[in-house]
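S.K.: Here is how the chains run, residue by residue.
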Amino acid sequence: MAKVVEKAQQEKEALISGSEAIAVACKLADVDVITAYPIRPYDTVMQYVAKLVANGELDCEYIVAESEHSQFEIVKHASAAGARVFCGSSGVGWMYAFEALTVTPALRIPMVAMVGNRALDDPGAFGVEHNDALAVRDLGWQLVWVDNAQEALDTALIAYRVAEDRRVFLPCAIACDGAFLTHSQALTKIPPQEWVDAFLPPYNRGDLLLHPDNPITVAPQVNEDWLMELRKHNDEAMKRSKNAVIPEAYRDFERIFNRSYGNPFFEEYQTEGADIVLVGMGTLSMPVKVAIRQMRKEGKKVGFVRLRWFRPFPAEDLAETLGRFKAVGVIDRDYSFGSPHFSGVLATEVRAALYPAAKRPPVVGFICGLGGREVTVPDVRRMSEMVFKAAGGEPQPLITWIGIRE
Amino acid sequence: MGRLFAVEIVYRGIFQKNLAKNISRGIALAAKHDGKVGISFGRYGDSPERNGIPAKNFAIVATDDETLQEGMAKYEPKEVDISISVDDTLCKGVESWAWYGLQPINRLLKPGGTLIVTTMHGADAIITMCHRKEFPYQLALLTSIPSFSGLWVYKDDHTDVRLLGAIAKVLPDLFSLTSVEKAIREEWHDELKVKSAQKAYERISTRVVSPAEGNPEKPYEFELPKWYELREGLAIPSIPAGKAMADPTTQQTGGFRPDRNPTFKKYATRTMRPVVDFDTCVKCTLCWLQCPDSCFDVTPDAFYDANMEACCGCGVCEAVCPVTNCITMVNETAFADNASQWEMWKKDKTGYQTWLQEKIQHKPERSHGFRIRGQYEQQIDTMVKDGIVDTGTSGETITEKVVTDVGEASAGG
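Respectively, the protein sequence lines represent chains A and B.
Counting in UniProt numbering, the first sequence runs from 1 upward without gaps.
Counting in UniProt numbering, the second sequence runs from 1 upward without gaps.
It is worth saying that the hints were derived from the structure and are not from the lab.
Idealized CB from N, CA, C, for every residue including glycine.
Among these hints, one or two may not hold up.
Said to hold, decoys possible - If you want the ones that stay clear, here's a sample from chain A, every Cβ over 10 Å from chain B, calculated:
no. : residue
1   : Asp43
2   : Asp59
3   : Ser67
4   : Arg108
5   : Asn223
6   : Ala244
7   : Phe257
8   : Thr271
9   : Asp317
10  : Tyr335
11  : Thr348
12  : Ala358
13  : Gly372
14  : Gln396
15  : Pro397
Claimed, not checked - Below, computed lysine-lysine pairings styled on DSS-like, alpha-carbon distance capped at 25 Å:
no. : chain 1 : residue 1 : chain 2 : residue 2
16  : B       : Lys363    : A       : Lys232
17  : B       : Lys226    : A       : Lys239
18  : B       : Lys266    : B       : Lys363
Just chain B, same shape as in the assembly (with noise of 0.2 Å):
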């Protein structure tokens, strides 16, 4: 039997689509210039139509045909020499639109495999995010923002062919950098593309995260049930009402928690979070009400806390907040934890203030789509003046190189 490679490609549903599409098939693509054969596949049970939702592609590579069918032969691989993270938020851990539980970013990750996470924070940040794993691993960044290549609209950044050429530096044996400059000439005919592929081998560089490192989180989990312990027609119990809640500092009781599914928790979809200024809050609901998902909890003080165990990050408390800068969305990475706001106001309101104000400092760069028009082209210009992405040798950006690609048809449902 020859060797088998798997790396997956973890990515936000919808906005992220393509992205994840075209990196997989560039990955087959430059095996197969490199004298070997590779599939390129989206992970069936994933819902990628869904906003944010995390999901998975993969590319299977061997070096012979029937390495590739044992591969081939499974679902999806139980494990991957490498993991790509296409948003940084994801480092927290996925869960599917399924009941799957929560997956460690680095879960699949073989002894000494590389996650590669693209993003502009660094190494220290995103391993604090990352669950621990038992066995060191590698780490590589490739410096980016979020890149949104979604289903319907292909805004090209480059995301694609970069984690190709990073690629080539970590796993030198899937395929060679001049593998990727010929993968890339054929499937799209884009010098610019070529270079910047280049550029990203030349800069990746990787470190070892050792067991020690990381969020000792245990992530939740739960058992799947045996058939016959299964209603007939999978009827199953809805979640109880709720009940009041303890204010931490009077011990008060009363408002109204809603009980909340504790197999699927669907937390892993936020890229944003809001933060609320309990100080200026006039209680007027809108939030609570408007909350597609119910994740606000009602204190006794009638506050509205947003759960983080319950919130997607919608942004919707946002939009509706009628007070200026009560509910602000900040971008997932600023935080370690899903503690209550309301419960630190309460322990500190001096101190919550500071990290209100802290926090509010990491207002999003970008997530869930483009937030303005003209946002990618101004975003493109600071990659190209930051040096993360280059202009062609006649002053050409990548902005001239926008390609629409309204990618597959997609069922839904």
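The following block holds chain A by itself, in its conformation from the complex (with noise of 0.2 Å):
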């Protein structure tokens, strides 16, 4: 980016949600359409939404659909006639659009999603899980996990540069821990619209943009032939967003911001001459650090990886850095039912990171905080202790859940 920032311009502080603050980069990203369609927890975001539009805030065609199906069938529409879209929504409302959701990255739209955690039904549960996100990773979505609103808003702008880099053209979901980020205020910093202009360029679909000038066909049924090409051609974006896109994107905006994030793909926290450390996605973090800062001060060595992007997975990166320690505790707040080890998902893309690395610390499972259940201190606590005795040598299972009435 070689546009000069006017560096006097200061950012403004506002205490608003993470829903809130996606919906402010929304406005900071000048998106075009959005469609909605509530479920709770997303529907904060479209409601803010609505509020700029309505105060005049935010000049865009805002669609309330009738499903979540057709709310994001119109805002990939609408990304392949040019449009910069943004969409979002929560647990089955999520999984009901699941036909939208694969076809998005298939056709190379980067439309940018913001998926409000939510554990799935049966039983109606409002409380966060990560099952509903996690459902696409295999398809060709980017998906990136925030802990509070100020990483919302920067990742949401940052997922506008990643997804619609032509290098790349992949969907990105934004995942927020329901209630624990979407629900709750905290002050945060709006940047002036100068630096998002100097960051984010204009959405360019090049000659993949459907419009009568460019006549073209998007996606014809094709057979045997085919197929694998297009798989290959996804591949390698996936792989360009990870080595090239992300890490650009996240230096440009350390430059025009002043605001750094370090390792793009995952925050380290005390990790430095830790023993063990945990290894965890979303609000977590929260109490996982309360806990951390608590044992070193008795003098246990425990320290925190919390992953930003799961998709694409920085596995060497990661492997390498959880190579450093004698024993690795993953904490997945989500489940998958007959998985390797009856693990959860992150666990078991942790084990695959770290197969063929040089240095394999024991990785000790844990299934925590379901459908919205508070993670709390002493679970915290007493995960590290499980992960101290692997450290020790003293095997422990692959996987317990924690926090369950037993």
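Using the supplied hints, reconstruct the complex from the two chains, each of which is provided in its own coordinate frame.
M.R.: So, in structure tokens, the structure goes:
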């Protein structure tokens, strides 16, 4: 980005929720088409967007669809026609859109969506679980978890930058834990428009634009002679996202916004000199960090790695980092029934990432905080103790459910 | 390793889907009675629910299970002992519903393999339609009209078992006539069908087709692109809009010829083609307007010329033409090429009228299913009279044995 940024401009601070932060990012990104269909906790972002439109602060097509499936289809088509789009859902609403969700990356649509993480029915439940967003993990969606409103706002801007890069052209979902992030307000810095304009170039679909002046057919029916080549195309795009486009975007973000996220893919907290680390995603970082500070005071060398980007998954980088420790505890706010060792999704991915690594510490898996249940500081301490035991050579179960009544 | 046999049945989508299935099933069943093992399957990449689209069934037979696995390890056979064409117009070449290019009917035949064609024509007419092959092969003709044994209704005319009898004759190593008889009794419980198979066995004869015989044209084909040569999401450029065309006699340019997809021509779907009497055409535009494939070129003198590279032979133009006998659908076997009728007419109007009247004599026996109620019964009667198929000992005929078989449910799409 060669553009000169007016540094004299100041960020404004506002007390907003994670959902509102994403709505503000939509305004700053000057999104053209937004579709909505209510479901808690995503619907909070929908309300804030409606308010911005009503107040004349955001000029966009705002369409309340008749279902999540249509909601995602509408923005898919708008994006194909060159519009910057935003969409989102939660829990079974996200699942109801599933057909649209599968075709969106396949068509190379750089949609940005917010998933307000919510447990999947039945029984009906509002609380956070990560299984809704994780359902698209194999399809070409980029998936990023954030843990506070500031990161939600910043990451939404980064998501547009990454998704709309022609080297990528894959959708990106920003996963926000229901309640803990979507419904709690925190002081958040809102950057001036000029900075955003310097960071985020206009969406240019190039020769893939659906327009009468550029007549193309998109995704005709194909047979076995064609599909493998298209899958390879998307595979390479995801690799470019991981190896080039995401790192570039974070570098530029730091330069323009003066706010650094360090390694784009994961946050390391008090890992220096640690014997063991915990790994997790989303807002469980709060109790984990509190517990770590307590334990550090007691001389227990424990750190935390909070994974942001689940897709693309930073396998080599993460494996190298985790290899520094004697044992690793992975906290899953999700489940994967019947999966290897009956673990969570994250633990399985971490183990897969470690397998080819030179140093492979034992991985102790935990299922915790399902359905929005609080992950408590004592929970974190208990998990840490087990990981310490594993580090000391005392084998631990591959998976343990924490915080369950028994 | 034992011996592996492969037979393909090339048929017209939907109209002959059950017929093809019956034949490939019959092969596997007859092989079983011959002490062999076999499987029967439809070519998965085809779209046999689409009207008239060329599609394939395969039967693979082996002398033992491990050899059969060698055949099953492939998506489809790369070479076959026998190709069966159950509609003689398929001999002009086969283009499936997707991008394959045009494939000669005899493309998969092994050296010395046999092409069996159901037809009312003689060998010379069939050979003219088939593309040349680099080595000699056998041609066997089974006298028959194209059987209409489709997805929803199975009008039995014994084509299935007659082909089984023919196979027993041309490739006795695969199975004997006795095995065919046993399979028919087991599968269909029908002595009349056994008799039809026996008769076909007795009558079928083959002749060698040399590499010098047949259509010398190279069928159109294209290179499949590398993955990095494709645009993201398989966005493909549209076909250009098209341009004016030239009058071969006056060199005057005008009119409009739409550009067409160079990798998917679809004309192998055609079993009949429209012939146009330009002397009576009133230029009403209806054929051009209603053609679902936009196959009509608009000529500089404002006639509508059905382009045979693009025509699927649906017959809508004939149906909508308001002028009596101006557009007539004629069986595809009457034509040797895809040349422009309008150009022929412009160059020699008298000669064209002679050509036109001669072609109209070839109006179809049957194509695209039945054209009138009771046509099936009429045709069976004719086939019995001509001695193509038999009556039973007590005078019973095939028509009393009509079976209704809705076949496999199909999701289509």
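S.K.: Is it the case that A:Pro397 keeps its Cβ farther than 10 Å from each residue Cβ in chain B?
M.R.: Given that every Cβ of chain B is farther than 10 Å from that of A:Pro397, nearest at about 43 Å, it holds.
S.K.: A:Arg108: least C-beta distance to chain B exceeds 10 Å?
M.R.: 4 Å, violated
S.K.: Any Cβ of chain B at or closer than 10 Å to A:Gln396, or is the non-interface label fine?
M.R.: Label holds. Min Cβ-Cβ 45 Å, cutoff 10 Å.
S.K.: Does A:Asp59 really sit off the interface, with its C-beta more than 10 Å from all C-beta atoms of chain B?
M.R.: 29 Å, holds
S.K.: Compute the least Cβ-Cβ separation between A:Ser67 and chain B, then decide whether it is above 10 Å.
M.R.: It holds; A:Ser67 is separated from chain B by about 22 Å at its closest Cβ, greater than 10 Å.
S.K.: Any Cβ of chain B at or closer than 10 Å to A:Thr271, or is the non-interface label fine?
M.R.: 38 Å, holds
S.K.: Given the hint that B:Lys266 pairs with B:Lys363, test it: the Cα-Cα distance must not exceed 25 Å.
M.R.: 22 Å, holds
S.K.: Verify this label for me: A:Gly372 is non-interface relative to chain B, using a Cβ-Cβ cutoff of 10 Å.
M.R.: Non-interface label on A:Gly372 holds, nearest chain B Cβ at 37 Å vs cutoff 10 Å.
S.K.: Within 25 Å, alpha carbon to alpha carbon, are B:Lys226 and A:Lys239?
M.R.: 19 Å, holds
S.K.: Was A:Thr348 rightly flagged as not at the interface, with every chain B Cβ beyond 10 Å?
M.R.: A:Thr348 clear of chain B: closest Cβ-Cβ about 29 Å, beyond 10 Å.
S.K.: Sort out whether A:Lys232 lies within 25 Å of B:Lys363, counting only the CA atoms.
M.R.: Given pair B:Lys363, A:Lys232 is violated - Cα atoms ~50 Å apart, limit 25 Å.
S.K.: Are all beta-carbon distances from A:Asp43 to chain B longer than 10 Å?
M.R.: Fine: 31 Å to the nearest Cβ keeps A:Asp43 off the interface.
In this structure, the earlier hints numbered 4, 5, 16 are contradicted, and the remaining ones agree with it.
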